[in-house]
Structure formats: C-alpha cells, structure tokens
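Q: Going down the list, the protein sequences come from chains R and E. Each residue of the first sequence is one higher than the one before, starting from 1 at the first, in the numbering used here. Each residue of the second sequence is one higher than the one before, starting from 1 at the first, in the numbering used here.
What the hints contain is simulated information worked out from the structure, not anything from laboratory work. Note that the structure is predicted; figures quoted are calculated from it, not measured. Quick reminder that beta carbons are idealized off the backbone N, C-alpha and C, glycines included. Any given hint could be a false lead.
Unchecked claim - The list that follows gives simulated cross-link-like pairs (lysine to aspartate or glutamate, EDC-like), each with its CA atoms no further than 20 Å apart:
{"#": "1", "chain 1": "E", "residue 1": "Lys207", "chain 2": "E", "residue 2": "Asp142"}
{"#": "2", "chain 1": "E", "residue 1": "Lys232", "chain 2": "R", "residue 2": "Asp60"}
{"#": "3", "chain 1": "E", "residue 1": "Lys168", "chain 2": "E", "residue 2": "Asp188"}
{"#": "4", "chain 1": "E", "residue 1": "Lys392", "chain 2": "E", "residue 2": "Glu353"}
{"#": "5", "chain 1": "E", "residue 1": "Lys488", "chain 2": "E", "residue 2": "Asp458"}
{"#": "6", "chain 1": "E", "residue 1": "Lys184", "chain 2": "R", "residue 2": "Glu48"}
{"#": "7", "chain 1": "E", "residue 1": "Lys168", "chain 2": "E", "residue 2": "Glu191"}
{"#": "8", "chain 1": "E", "residue 1": "Lys207", "chain 2": "E", "residue 2": "Asp500"}
{"#": "9", "chain 1": "E", "residue 1": "Lys202", "chain 2": "E", "residue 2": "Asp142"}
{"#": "10", "chain 1": "E", "residue 1": "Lys520", "chain 2": "E", "residue 2": "Glu382"}
{"#": "11", "chain 1": "E", "residue 1": "Lys448", "chain 2": "R", "residue 2": "Asp60"}
{"#": "12", "chain 1": "E", "residue 1": "Lys232", "chain 2": "E", "residue 2": "Glu138"}
{"#": "13", "chain 1": "E", "residue 1": "Lys488", "chain 2": "R", "residue 2": "Glu48"}
{"#": "14", "chain 1": "E", "residue 1": "Lys448", "chain 2": "R", "residue 2": "Glu48"}
{"#": "15", "chain 1": "E", "residue 1": "Lys168", "chain 2": "E", "residue 2": "Glu138"}
To be verified - Label pairs and their in silico Cβ distance ranges:
{"#": "16", "chain 1": "E", "residue 1": "Pro453", "chain 2": "R", "residue 2": "Val21", "range": "27 to 35 Å"}
{"#": "17", "chain 1": "E", "residue 1": "Leu94", "chain 2": "R", "residue 2": "Pro240", "range": "43 to 51 Å"}
{"#": "18", "chain 1": "R", "residue 1": "Glu208", "chain 2": "E", "residue 2": "Thr445", "range": "18 to 26 Å"}
{"#": "19", "chain 1": "E", "residue 1": "Asp124", "chain 2": "R", "residue 2": "Ala51", "range": "37 to 45 Å"}
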Amino acid sequence: MTRYIVARLLWCVPVLLGASVLIFVLLRFLPGDIVDIILGTEGSATPEVRATIRRLFGLDQPIYVQYFVWLGAVLRGDLGSSLRTSEPVLGILLSRLPITIELALLSVGISVLMAVPLGVLAAVKRGGPIELLARLVGLIGLSLPNFWLATMMILVASLGFGWLPSLIYVNPLTDPIENLKQMLMPAFSLALALMAIVLRMTRSAMLEVLGQDYVKTARAKGLGERLVLMRHALKNAMIPVVTVIGVQMGTLFGGTVVIEQIFGLPGMGWTFINGIYQRDYPTVQGAVLMLALTFVLVNLVVDLMYAYLDPRIRYG
Amino acid sequence: METRPRFTRRSFLRQSVLLGAGSALLAACQQQSPPPAPKAEVKPTEAAKPAAAPAQPTAAPAAAAKPSDAAPPAAQSAPAGQVRGGAITIAQELDPVSLDPHKTSNFSAVQGFEHVYESLTQYDEKLNLQPALAERWEVSPDGTQYTFFLRKDVKWHDGNEFTAADVKYWHERMMAQETVAPYKNWFDMIERIEVVDKNTAKAVLGKPYPPLLATFAALRGGAITQEGAAEKGNLATTAIGTGPWKLVEYVPQSHLRYVKNADYWNRELPRLDEFTMKIVTEEDARVAALRAGQVDYAFLSQEGADRVKADRNITILESPKAWLTVAQINTSRKPFDDIRVRQALRMALDPNEIIQKAVSGAATPSGPVPTGHTDWFLKPDELKYQKPDLDKARALLAEAGQSNLKFTILSSPQYPEFVSTALVMQDSFKKIGVDAEVQQLEWGTFVKQVNAPAFDYDVNITARTFYPDPDHYLYPYFNSAAVNNPNKSYNNPKVDELLDRGRTVGDSAQRHQIYAEVQKLLEDELPHFWFYSGLNIEAVRNHVVGYVPSFTGRRIFLKQTGVQR
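Here chain R stands alone, though its shape is the one from the complex:
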C-alpha cells in the first residue's frame, strides 16, 4: 500500500513537469505580455522603452532559458514573484487555495448527499414520480450554466427575500455559521452540474448492479431489501460514481474561476484568471502547478477508495 502510494506520488513528477511545460509555452503564445498590459492603450512609451522594460522582467530571454530558470527556482521551493505586485507567488496561492478547496469540498458534499439517495431511489422505484424528479434534476443540472444559476440565486435571494450573507469572506474558524451561509450559494451553483452527473451515474450503475446474480442470491438468502440495497448493491455501484467525481474535479476547478468572481470569494480560480488577463506568468504557472497537484492527489484518493469499495482490488 505505502509502496503503491509512493509510486503514484512519484508519477506526479512527470505529470507536473508536463503541465508546467504546457502552460509555460501556451502562456507565451498569448499575444501581449505584462509590459503591454501595464502600459495599456493610454501610455505613450516608445518601442525602445518597451524593449528595455521587457529586459528588466527577463522576458527578452529565449523561452527555454526562461523555463529552466523558473524550474530551477521551483525545485528550490520558490514559485517566483508576481510580475504585477512583486509578492511571492507561493504566499499568494497558499492564501487563496483553502477557499477554493472549501468550495470544491462543499460542492462535492452537496452533490453526493443529494444525488446518491435520489439516484438509488430512482433505480429502485422505476416509473414513479421519483424517477421523474431524478430525470428533471439530471436535465436541469446539465443544461443550466453555473454562472447563470449563481446570478439568479443572488438576485432571488436579495430581491425576493431581502437576504444576502455578509459580503466579505468570513473564515470558517472565526464564524462557521456565517461562512456556511456565504458558501452555500456558490457551492450549490457549482454542485448542480456535478449532482446531475452523479445522479445519472448512480441510477444506471444501480440498475446494472441490481440485475446481477449476487443480488438475486442475497435476496434469495432472505436478506431484507434495505440490506441488499445498501450493503451489496450500492457499494459496488459506487465504483463508477467515485471515478466520475474524481474526473469531474477538473471541471469543478474550472467552475470556481467564474463562481468566485460572481460571489466575490478571493479564491484560487479568480487569481488564476486574473493572472492570465494580466499576463502575470509566475502566478499562472504556480496556480497551474498547484491545481494539477490537487487534481492528481484527488485521483489518487479516488483510486484508493476502490480498495475500500471493492475488497477484490488490492494495491501492494
């Protein structure tokens, strides 16, 4: 088990290297750089002045030189400094990441808590109103864009009920209740699409599992229906569901880019997109590394969960 985890963690290295090369090159393919952004359309700097400034930022070096200089620093634990504010990128990202992780965990929590029971019920009670409800949730969840849902929730809460949680992000340790109030709408708007996917997956996996021989055997043994469902069927049906959640983490992080802006949460997604707009290369590169690492770790956890869900799977 430990060996497996260590091996998987070692595999992170090439993955992260690949991600870093990709983002490094792609960013520099984007027309315009920090100098263009700083000077905007209003400045009257001559091309010579611009060239001098680029030299000051080290942007005149060939791209591979820039990459290895950056990589060398990363290996020493230094993600560089923001080109815009000169703040260390690691510090910026570490202050933003927890908010995004909280948002992601809450979204996954909400979707699993709502989608799995509904998916199981829809599989068991076919043709009834519950299945109709499940279909509706599936359809709505997949077709409503999260930014639209987020905006509507804000407008309905404020104009309809005159209610909005406090505007400035509250730390969960300072005031967990207020923090939950703040995170509820953003988490739900992110959760809905995931909920639809998990629900559909749960329902179809349950339907498949319920047709298997061992379920018939369990019923023939005289086990109660609840026990058959929860103990024998659901656990097996969860394997594809957990896989889907792991894969969807990427989409979820993508969603935070928009949702954090709408709800004014100073998280990683917003920092990431601002970094792109500002051509703040070190910030974007650092953020991509961190998101890639998170994604890899989440999927490692997903793989480890298989062993729990299906005792036949062993890592050793």
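Please build the complex by placing chain E on the supplied structure of chain R, with the hints as guidance.
A: Same frame as chain R, but now just chain E:
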C-alpha cells in the same frame, strides 16, 4: 493466497477526517473579516452643505448630475456638513491590480489608492485647481520653473513629516526606468526637483509646460510617495500617504478598508470614520447588494440603474464623466490614408444611434476632448457629422474609387460597449455598401495588436479616460511624430504647429483658442472618429449624504461624504 487488505474502511474514514480538518485549518489561515463598523453620530453644529451638487455646470444639458425622478430627494437635501462619524461600504466594480500609484495605467488602481495619496494640487467639484500638498506656487516668467511652497502641517500616515525631499523622491522614482511608469511622459519635462528648503520644492523644466499643475491634480503618476517608500515596503499592496484616509486592510479580490486620518491637514475632513471598498465585479451582484442594503454605494450601468430606480431607499446620481469612446482609424493603411474614405465612413454613422445602442442613451456626443471637460471641449453645435448623410457618403466613396471596401473593426469584449459600438458601425456601413467585419479580441491581445509598434488594425474601438489637459487627448495621437500616430502617418503641419504652441503658450485664453482650432481641424480630417462621452451613474442609499460625483470618474469626494440614518 489472499492477503488482508491494508487499506481498511476505518483507515479510510480516519484519513478522510484528517483531510477535512486539514482543509478547514488551511481555510482558517485566511484574512479575517473586519469588525462591525461603529454607528453614525450626528453633530448638528457644522455648516450645512448640499449633497449631490451638479458636477459640471458647463456640460451639455443632458449631462448635469441629477437624482433620478423616481427616487426621493433625501440624499440630495440632507446637510452633509452636520454629519460626522459612521461607516459605509461601497461596491468597487473592478479588482485593483496593484496599488502602486506610479506603476500602473489601470483605473482600478487609481480607485484603490486615490483616497490615500495626494499630489501638490487637487481638483474641486468643478474641476478647478486647488492647492493640496502645495499651499501655493510661483511660476517663473518663462514658464520653466515652478516653486512649490509646501504645507507645513502635513504628516505621513506613519507619523513622519512631509517635506520637499519627498517631492524630489517622487520625481526620481517616476523617471527611473525600472519603475516602468506608464505616465512617465506626463512629467518627463521636469528635469529635476530642487529642494530649496524643507518646505519648498522647485521643479525645473526643460521647456515650458502649461498643463503641469493640472497634471499633478489628475493623480495618475502624480501621487506623492514618501521618501524611500518603495525601498521600505511593497507599494503594490500597501500604501502610506498623506490623504484623508489610511489604508488599514487590503485583501486582493476581496476588499480594502480605510479609516479616517485623524491628523489630516484639512481638519474638516474626512467626515466618516471609515469605509470599506468591497470588490463586486458583477453588476447583478452589485444591484443585489445595494438593494439588500449591504452596500451604500455602487457604480452602475444604465441597465443596472433602471433596475434599482424603483427602490425608494436608493438615489441614482447621473453626471458627465470623462470616458470618450473613439474609433481609431489606421491612417497608415490604404484606403484609410484617403481623407475622402474616412469622411465617407464617418458620414454613414449616427452618434446618437451609437449612444442609444452601446450605452442605452447614457452619454453625450463628443469631439476630441470629452464633452464636459471644463471649457476645453467643442460645444454640441460645433460638432460635425451629427446626422448621417448616406448619399454624400456613397458619392465620396465613389470619388475615392472604393466600390467594394472591406475591412475589420477590432474591439474587446472586456468592454461590451466597444463591441456594441463596432456592431452599430458595421450595420451603418452596410448601408453605403461597405463590408466591415467585427473581430473581438481578449484585452491583452487587443492592446498588443493595436499599440506601437504593431499598429495591426484597420479600425479599432477604445476609450480615453480623464486626462487633465486637452494636450493629453491630442498631442500623443495627432502630432506627426507622436508614438501613438500609426507609423507617423497622420501628418498635418498646421495641427503640428498648433499642438506645439499649445505646449509653450502660458496664456489660458490663447490656449483655449488653439485647442478649439485643433479640434475643428481634426473633426474635418478624422484620423479618429469621436462618438460620445459617458456618464457616471452612481447609486447611493439615501442615508449617504454629501457625496458629489466627479468628472474624472474618481470618488474624490468620499472625503466629504457622511451618513445620516
């Protein structure tokens, strides 16, 4: 042989709990939210001052600051001068990218630092120049030496005394190449600052530059920072100024919190004890927060204002703003080098249609200097091409031999009104048989493509914000040697001569004549198309009193704002 799985349900659960607790801990390491603000207290002794006074009495009729009809007049009539103390929250529509007053061209940065820093001069509500850190000044007869007599009662927010050495430091930092100051060219005619004594600074110019005093007041690059400030701290994230407000908290993407500077040299100001600027980039969220009473002030579009004007607790203030929307024509490309083609295209356009469709009517037609800029701008009856003339446009195109004209209009979706403007242009051009394609580019890409040295565009849509002097709207674009003149292609010796004279003549009446003449010449020759100058549309909750809009688009007068609950 089967081995017992080493990864059990119990160990999984235990690890999950640890993971959850870990992320909660991480989240807990975030910045804390500010404590609740103290309540307003009302002192009835001060002199009364009406709120929401007209910002620009000289502007076109539609453009006077006025509360919307539906709202009650509370914010207008309350005596702001009597109100002291209290706190408000204002919604900030852009995330300030940096607070460094010298290193940024973003308006969002100005919005963040303008409450903290000051310059030698400042503007009043009517854009008249007033003393600020300099209590008076003398200009040498040849216009090349400005002696500033500094206030003696000014302290930096860290308690240090403000002196002439700070002014010298400011200039050196602005000029240093590694500062990368976008507005460096606004001050590079100052060769050096001489410290005459502790409270006297002399600016020595290479040549006369009449706009200098106003250029300080604009606070773009002109904000004075303390000697050694950039070496002592990070000016992008902290700010120690001399202004009415001290910045006490800055959480990027979240909020900025300011408290009253109790040692401010103007003892009357500021009236509030503190205010918080919450970054709310989505207009829907600003509307919601405003109506729920969570913010007391928000900047809105016309559509946003329409949605809150029915609320009797909110007053909408509309006033002219320096936001001049421009189509830049690439005069270095064929056929745009032909004046007849530019005139024909311009004749196909109706500025009022653009105003209606791009900003729902919230603007006034404008020439090269934005309408409402004190008395520098062309009056409505002096503007040309205010009604389309399609027949003449077609005739001019035929004369120029352009039968199948095709080109691209660049715009950026970061500013939806630019895209709308481009679409209206495209539509109008169709009527004279011209096929324009509208291309939308991400802002950074747009900037790269449009600026020197690329000048890779036929036509692009952008806007000019507040510049202190007409020279800033004209010289950098239309002087034949200017950097922003595409490949130095627009070349009119008469314009050159006038622009140069505008930089040397000190007499205000003469300068007014010069700039009126230049603007009329440009309106004839159309190296750019100028469409409209926008409005400040600001919503305030009625208990906010004394707030006055500014033509600069800045929130200068938050310092005289109070609350009356």
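Q: Run every hint past the structure and note whether it holds.
A: Hint check:
Distance hint between E/Lys207 and E/Asp142 is fulfilled; the C-alpha atoms sit about 9 Å from each other, no more than 20 Å. Restraint check for E/Lys232 and R/Asp60: the C-alpha separation of about 29 Å exceeds 20 Å, so the hint is violated. For a cut-off of 20 Å, the pair hint linking E/Lys168 to E/Asp188 stands: about 13 Å separates their Cα positions. As the CA atoms of E/Lys392 and E/Glu353 are separated by approximately 19 Å, the hinted pair is consistent with the 20 Å bound.
Simply put, E/Lys488 and E/Asp458 have alpha-carbon atoms about 15 Å apart, close enough for the 20 Å limit, and the pair holds. Proximity of E/Lys184 to R/Glu48 is assessed by CA-CA distance (about 14 Å); at most 20 Å being required, the pair is judged to hold. A distance of roughly 11 Å separates the Cα atoms of E/Lys168 and E/Glu191; the hinted pair therefore holds under the 20 Å criterion. Under the criterion of a C-alpha separation no larger than 20 Å, the hint pairing E/Lys207 with E/Asp500 is consistent with the structure, at around 11 Å.
For the hint pairing E/Lys202 with E/Asp142, the CA-to-CA distance comes to about 14 Å; that is within 20 Å, so the pair holds. The suggested pairing of E/Lys520 with E/Glu382 holds, with an alpha-carbon distance near 8 Å, which does not exceed 20 Å. As the CA atoms of E/Lys448 and R/Asp60 are separated by approximately 16 Å, the hinted pair is consistent with the 20 Å bound. Straight-line distance between C-alpha atoms of E/Lys232 and E/Glu138 comes to about 33 Å, which puts the hinted pair past the 20 Å bound.
The straight-line distance between the Cα atoms of E/Lys488 and R/Glu48 is roughly 16 Å, inside the 20 Å bound, and the hint therefore holds. Simply put, E/Lys448 and R/Glu48 have alpha-carbon atoms about 15 Å apart, close enough for the 20 Å limit, and the pair holds. Between the alpha carbons of E/Lys168 and E/Glu138 the distance comes to roughly 17 Å, so the proposed pair stays at or under 20 Å and holds. At roughly 30 Å, the beta-carbon separation of E/Pro453 and R/Val21 lies within the given 27 to 35 Å, and the hint holds.
Under the hint 43 to 51 Å, the C-beta atoms of E/Leu94 and R/Pro240, about 44 Å apart, fit the expected range. Between R/Glu208 and E/Thr445 the CB atoms are about 48 Å apart, so this pair departs from the stated range of 18 to 26 Å. Here the CB-CB span from E/Asp124 to R/Ala51 is close to 41 Å, well matched to the stated 37 to 45 Å.
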